[in-house]
Structure formats: C-alpha cells, structure tokens
Amino acid sequence: MSALLLARALAVGIGAHEVCTHLDLELAAGETLVILGRNGAGKSTLLATLAGLRPPRAGALRLAGQGYAEHGPKAAARLRAWLGQQRGDPFATTVLETALTGRHPHLGRWQWEGPEDLRIARQALADVGLAGLEERAVQTLSGGERQRLAIATLLTQEAPLMLLDEPLTHLDLNHQIAVLELLARRAASGAGIISVLHDPGLAWRYADRVLLIYGDGDTDLGPADALLTPERLFRLYGHPLVRVAQNGRVAFIPE
Amino acid sequence: MPSSRRRRALFVLTALLLLAGLSLGAALLAGSVAVSPLELLAGFAGGESSLAAEVVLQLRLPRALSGFACGGLLALAGALMQVLLRNPLADPYVLGISGGAGVGALAAILLGLSGLGIDSFAFAGALGALMLVFGLAHGDGSWTQTRLLLTGVIVASGCGALVALMLSLAPESKLRGMLFWLMGDLSQSLSPWPTLGFLALALLLALPFARELNLLARSAESAQTLGVAVGRLRALVYFIAALATAAAVTSAGSIGFIGLVVPHLARLAIGNDQRLLLPAAVLAGGTLLMAADTLARTLIAPEQLPVGVLTALLGVPIFLFLLTRTGKYR
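Residue numbers (the working numbering), protein chains in the order written: chain A, 38 to 292; chain B, 234 to 563.
The following block holds chain A by itself, in its conformation from the complex:
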C-alpha cells in the first residue's frame, strides 16, 4: 500500500526565506508527525504546501500515490483535511452549519446534506465537547470554542490525512489534551496526522516522529524520543531548555 503522503526532495520557501531545501518525508496510515520550530521558521508554509495549497519550489508531492493536480480538488478533499490558523466568518452562521461544511467533498453538486451527514457532524461536535451548542451563532463563541468547532469541521470531513496548523491555539489545558487524545484515537483507527505544535513535551508524548524546522533551510526528521534533546531544542528555539522526566512523561522547561 502506498504512503498517505509522500514528499521527495521537497524545497519550500517564501520570499527569500528557505523553509526546507531537500525534505524527504513519508507518512503512513496510523502515524503521527509533529512539526516544531520557532515563529516565522516556515511551519505553516510547509504545512500549506503539504496540503496542496501552494506549490513547492522543487520536488515531488504525492497524496495516496498521486499528485494534487491529478486528484483534482474534490477527490483530494476526500483524502486530506487541513486546519488553518485564520478564523473569521464575516456573515452570521450557526455551529451546526459550520460543522456541516466539512461534508462538502462527499456531496454531489445538487445534493443536500442528509441524515447521515447530520449524524457525522453532530458526532464530531460531541467529540470536541460542543454538543448542545448546535444552534449557537458562531460569532458568540469564545476563541477556544471556535477553535474546537474548526477541529470538529475537520473531523466531519473524514479524510484519512489530517494536517493541523497549531490545533491547540486558544485551548485550555484540558481541551489541549482532549484534542490530542481525540487525534490519537483517529490515528489508531488509521488516520495519518501532521500537526504544528509549540510544546516539545506534548510532541514527545503524542508524536511518532518529529520534524524540526530550524528556519535556515535545515531540517531534522526522526523519532520523537531521539530528536527531542536539549541540544537540538536549543538550536531550534535559541533558548536553553531542561528536560524533566516524571511518571513516564517528559517536559521541557525553559531556563
């Protein structure tokens, strides 16, 4: 079986900034990859490239064995979902309507959302703790609730590959863990997940592999436990970190 996502000799940049110059990446079903790097290193740019939103400078990208152009937008949308950082609906809309937009790639041109789509959307809302808020106007939600609604919309899309740009933004601690556990369950049932995170401790706990983006075109890709060392993280963030292990978990504390 071909990899969910395959990148060969990928070069990504924005303006004069090089994000990566020669990235080889293969993501299998059930695998979780976390991207770490400091602000402006190009994590979002790389993720958008992997999502097919912007072309790479060089290299090849294959989603389930085919390029994005060969899939076409709608078929690609049934295979990969993407969570961006921008929120903002200029027009009034409800929570349920928003979650239902995730069903778009599964519906024909003239088809309306049916009971099965409703069931999937409601389940996703319940999964992120938004059950009961279905008819609320999105504008009245808090930042964290909006973030969870965006994640529910992503789940509603039911794509085997999920790309999440800072999924934990605005979330309190318990929802951070709840969302990561939810994603881990999706991975256990066969999804491939790439997230951009800012906490190396959470990356250590939830990622099979991590991708470190140093911001100068250099990257490191490997198992989380091997790569998340204080030396590498110092290079990554430009700030010394101490690794603390307790109860089988690891935390990195800034000095």
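No wet-lab data here; the hints were simulated from the structure. Glycine included, C-beta positions come from ideal geometry on N, C-alpha and C. Any given hint might turn out to be false.
Claimed, not checked - If you want the ones that stay clear, here's a sample from chain B, every Cβ over 12 Å from chain A, calculated:
| # | residue |
| --- | --- |
| 1 | 251 |
| 2 | 266 |
| 3 | 364 |
| 4 | 407 |
| 5 | 423 |
Stated by the list, open to error - Which residues of chain A face chain B? A partial, calculated answer using Cβ under 7 Å:
| # | residue |
| --- | --- |
| 6 | 94 |
| 7 | 110 |
| 8 | 111 |
| 9 | 116 |
| 10 | 119 |
| 11 | 121 |
| 12 | 126 |
| 13 | 127 |
| 14 | 128 |
| 15 | 130 |
| 16 | 138 |
| 17 | 142 |
| 18 | 145 |
As the list claims (entries may be wrong) - Covered, in the sense of this in silico footprint (three residues per stretch, anywhere, with C-beta under 8 Å from a C-beta of chain A), are these stretches of chain B:
| # | stretch |
| --- | --- |
| 19 | 317-326 |
| 20 | 449-460 |
Once you've looked at the hints, dock chain B against the given chain A.
For chain B alone, coordinates are given in the frame of chain A:
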C-alpha cells in the same frame, strides 16, 4: 439540514413568491388610468382591447417586469459580491461598473442618442470599467480582495469625475434626462425580456455553485482544502455578478441600495446558505424594486420620481436599522 430549518426556508420562499405576485398586481392596477382587477383579467384573456387593457399590457406590464428583473439582478449581484469580497458592505457597484455605465449613458445623451443608443453606450461603459478594474487589479497575478476593492473604488471615482464634467458641460435641455438616468429610472427602459433573460441566466449560472460559495464566504483556503477550485469559482462568479450589474444598470440606470440592502434582508429571513439566499434575494429584490417603482410613478402623479431616489430613501433607514442590531448580526 434540519427539517425545521427546511420548513422555514420553504415558508420564506413561498411568502416571497406571494409578495412578488401582489407587487406585480399593484403595479398593473395603480396609475392615472383606473383599471379594475376584472378588466385586468379580461385584458390578459385577450378579449376586447379597451384603453385600460392597452395601458396595462403596453405600458405597465413591461415596466413592472423590467423593475422585477433589475431588482433581481442587483440583489443577486450584491449577494455574490458580498460573498466574493467577504465584506458585508460590498454592493454591485463597488467595482466601478455603474460608474462606467454612467459615463457611457451620459455620453450617449450628450450625443443626442436615445433608447437603444443609450443602452448600448451604457453597456459598453460598464464592460469598459469592468475590464479596466480587472486588468489593473490582476497586475500581480492574484486578485486579492483589497486590491480589487481599491481599484474598483478608484475607477468608480474617476468615472464620477467624468460624469460631473459631462453634467457641467451639458446643455440645460438635456440635464433632466441625464440626472434621471444617474438616479435610476425605469420609465426609459425598453423591452423587459432581455433583462429578464439576463436574470434567468445569471441565476442558473450561480445556483450550481451555491454550496461552494458558502465555503468561499468562510475562507478561501478552507474552501480550497474542502474541494473547491477557488480560482475558477472566483473568476466565474465575478463574471456573473459583473454581467448582472451591467444588465441592470443598462436597463434602469444606477439604482442604489437594492444590491446592498436586499441580500442582508434576505439573510435575516432565511440565513446565509447561498442555495436559499440567492433565490430569496432575487425574489425580494425584484419585488422591492417593482413596488418602489409603482410608488415612484403614482406618488406625485402625473409627475414621476426617479425610482432610485425612492429605493435610497427606503434603503438608508433599513440599512442603518440593520447595522445598529449588529450584536446578533454582522
């Protein structure tokens, strides 16, 4: 969609259809020549051709249908522009189309043309402004919303300057006609059928993409990852909105506020699902303009008001009212 919402949508659309019928009836009956509903039916049945039947069939019916078509086109174009620019304050004229049409129409009047001459000059002016805006805004290969908006506003104000210039140079005898055109006026509109045809075409082109427009209204990037070919969709819908605006402006001049206010009214009644909003906006816009035009030609009969004045007078308070209740709605 939950069945409660579907019932509500059905109710709103039915109510709008009824209102459109009522408004059409009023437009046919009201005026200086009194016509009773019975005479009206007899006239339609093609019985004896009385004066009343002549007036209704030759004058009032075409004018009412023109009003409906223009109102529908403007509301549709406004709804599409608001989605495309993701800006609730967008209207069909933000991209300078009415400005271009105004320059064309006034030039035609100055040259002594009338009827079809004015219409073709107005249409050419609208298309000219449209191509100017698109050409300039496309300079860097991407139609960013801000760039498009700015270019449109600048082209519109340039057209405004040309219009002012022509007004100040125009002889006294032509001023009134020019002013009426600028304010929006249905008394000069020719056959309603081309405009109605444009309305049907625009709606038929837009409706298949209604669900994709819902996604585009939220975020272009999310829409892309949900399977919308965003670039192609944007180009198509800009084209539909521009064509709709040009058709409406050509037939009736720059009638204000229908394109801005009606989509918001429809959104309040039926929600922001474009599959329902677009037909609702067309019905509401057509009905409103038809009613406003009936008022415009009967309020101070035998004198006529330009209908654009009435829509603006009605539209300003409605829109201000909407803006003040932004807690729930924006």
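> What are the numbers of the hints that this structure violates, sorted from low to high?
Replying inline: Numbers 6, 9, 18, in rising order.
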